[in-house]
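K.L.:
Residue numbers (this note's numbering), protein chains in the order written: chain D, 1 to 198; chain W, 199 to 449.
Simulated from the structure, these hints should not be mistaken for lab results. All values reported here derive from a predicted model rather than from experimental measurement.
DSBU-like, lysine-lysine: derived pairs with alpha carbons at most 35 Å apart:
| no. | chain 1 | residue 1 | chain 2 | residue 2 |
| --- | --- | --- | --- | --- |
| 1 | W | K258 | D | K10 |
| 2 | W | K416 | W | K443 |
| 3 | D | K67 | D | K5 |
| 4 | D | K5 | W | K258 |
| 5 | W | K356 | W | K211 |
| 6 | W | K416 | W | K429 |
One-sided and incomplete, this derived list gives chain D residues near chain W with beta-carbon spacing under 7 Å:
| no. | residue |
| --- | --- |
| 7 | Q17 |
| 8 | V50 |
| 9 | G51 |
| 10 | K115 |
| 11 | I183 |
| 12 | G185 |
We treat Cβ as the ideally placed atom computed from N, Cα and C, and that holds for glycine.
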Amino acid sequence: MKNMKTVIIKYNAGNVQSVMYALERLGASYLLTDDEAEIRSADKVIFPGVGEASTAMAYLRERGLDKLIPSLKQPVLGTCVGMQLMCRYSEENDTTCMGIFDIDVRRFPNTPGFKVPHTGWNNIHTLSSPLTAGLSDNAYVYFVHSYAADVCPETTAVCDYVRPFSAMLHRDNFYAAQFHAEISGNVGQQVLENFLKL
Amino acid sequence: MLTKRIIPCLDIKDGRTVKGTNFINLRDAGDPVALAAIYAEQGADELVFLDITATVDERKTLIELVRNVAHTINIPFTVGGGISSVADVSALLNAGADKISINSSAVRNPDLINELALEFGSQCIVVAIDTRFLHDEHIVHTHGGRKPTELRTIAWAKELEERGAGEILLTSMDTDGTKAGFALELTAQISGAANIPVIASGGAGSMDHFVDVFTTGKADAGLAASIFHFKEIDIPALKSYLKSKGIDMRI
Numbered sequence: 001m002k003n004m005k006t007v008i009i010k011y012n013a014g015n016v017q018s019v020m021y022a023l024e025r026l027g028a029s030y031l032l033t034d035d036e037a038e039i040r041s042a043d044k045v046i047f048p049g050v051g052e053a054s055t056a057m058a059y060l061r062e063r064g065l066d067k068l069i070p071s072l073k074q075p076v077l078g079t080c081v082g083m084q085l086m087c088r089y090s091e092e093n094d095t096t097c098m099g100i101f102d103i104d105v106r107r108f109p110n111t112p113g114f115k116v117p118h119t120g121w122n123n124i125h126t127l128s129s130p131l132t133a134g135l136s137d138n139a140y141v142y143f144v145h146s147y148a149a150d151v152c153p154e155t156t157a158v159c160d161y162v163r164p165f166s167a168m169l170h171r172d173n174f175y176a177a178q179f180h181a182e183i184s185g186n187v188g189q190q191v192l193e194n195f196l197k198l
Numbered sequence: 199m200l201t202k203r204i205i206p207c208l209d210i211k212d213g214r215t216v217k218g219t220n221f222i223n224l225r226d227a228g229d230p231v232a233l234a235a236i237y238a239e240q241g242a243d244e245l246v247f248l249d250i251t252a253t254v255d256e257r258k259t260l261i262e263l264v265r266n267v268a269h270t271i272n273i274p275f276t277v278g279g280g281i282s283s284v285a286d287v288s289a290l291l292n293a294g295a296d297k298i299s300i301n302s303s304a305v306r307n308p309d310l311i312n313e314l315a316l317e318f319g320s321q322c323i324v325v326a327i328d329t330r331f332l333h334d335e336h337i338v339h340t341h342g343g344r345k346p347t348e349l350r351t352i353a354w355a356k357e358l359e360e361r362g363a364g365e366i367l368l369t370s371m372d373t374d375g376t377k378a379g380f381a382l383e384l385t386a387q388i389s390g391a392a393n394i395p396v397i398a399s400g401g402a403g404s405m406d407h408f409v410d411v412f413t414t415g416k417a418d419a420g421l422a423a424s425i426f427h428f429k430e431i432d433i434p435a436l437k438s439y440l441k442s443k444g445i446d447m448r449i
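With these hints in hand, go ahead and build the complete structure from the sequences.
P.N.:
Structure representation (structure tokens):
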């Protein structure tokens, strides 16, 4: 993975330090950039994200990244808010997103016994993504989020919290994970490694 | 199912792990990065690092430590101690911390919670409450639990949620260091009052204390220090025990 060019898209959606460290642990070299030419020429693109959807989308629009990302041909992995921004729409501040995945993102409704944000380790099941190769069904990964995409035909891993939601999505060269693979122990490491090996 | 979390806490002074009884008489329990790696390997669900000195010089040591920890482990960790500004938080998150924890500075300036939640997102803002039962009431304390404030603990917990805290780290100064069990009733009250996760801390001495804090105490996570550092409780054994008691655990 040394000679491969992995780009992490640089934008205003929070801390990507742990993603960078996770790639280093896998021996992968990477570049953090918002430069179109660099992104287009990458072998793999990671689109991370923590924070708030509308602010992040506004930033992507200002730099034309909202058009660039859906046009990419190489494998792209969106994580957490990055995944949500790849969906059609997010209820978080009524945000139109990039629409790569044909599904909306909704807030967990207030439900007794279910705290929001959904914080901690939860199991994922009904796995059908190339990124979950080698994982056992019901593997645990780490989540921190208040919004989630419903289950849809593009769902490749399901997690249950209040309702079943998409823990992972996949369409063509686009992959996404709601959980934080970079801090999801050996399971998360396997997911990242599978992505880098695509 | 979302699992309950087991969180070892590493108190840090001069880049080393320490833990005393009731925060006095500090003992050296080792190299924090090595310890963190062991805990991650053993199945700890998260780690908390509390910098208990936080002078300017030690601050730089802490940032370096955070960088080393983030490089080494692949589970989430929180850093607390001496954080009082957006710049402090930014430095820690940029070094690789997943969450930060504030305590006294939130009491002094509650608007800081709103500011941090807006800037970095609630998911990385933990607010720690040190509480003590005083004149028939649970009262928030600062300065390692020595100084009482005007704040009532349960009302403060609700306010933290409203202001955008993502999690509450609740330490009972009445039970801390006693190894007689967590403050179950108060933990359950806080967990019921605020709709954000509650990490219970203070008083763990046996595996059954963790069973109690997750059932009666309704905690989302249980935190302890010396019992883990001095191997009085083994994390894999603890997690299997909890699972055998019907508590959801990541094994």
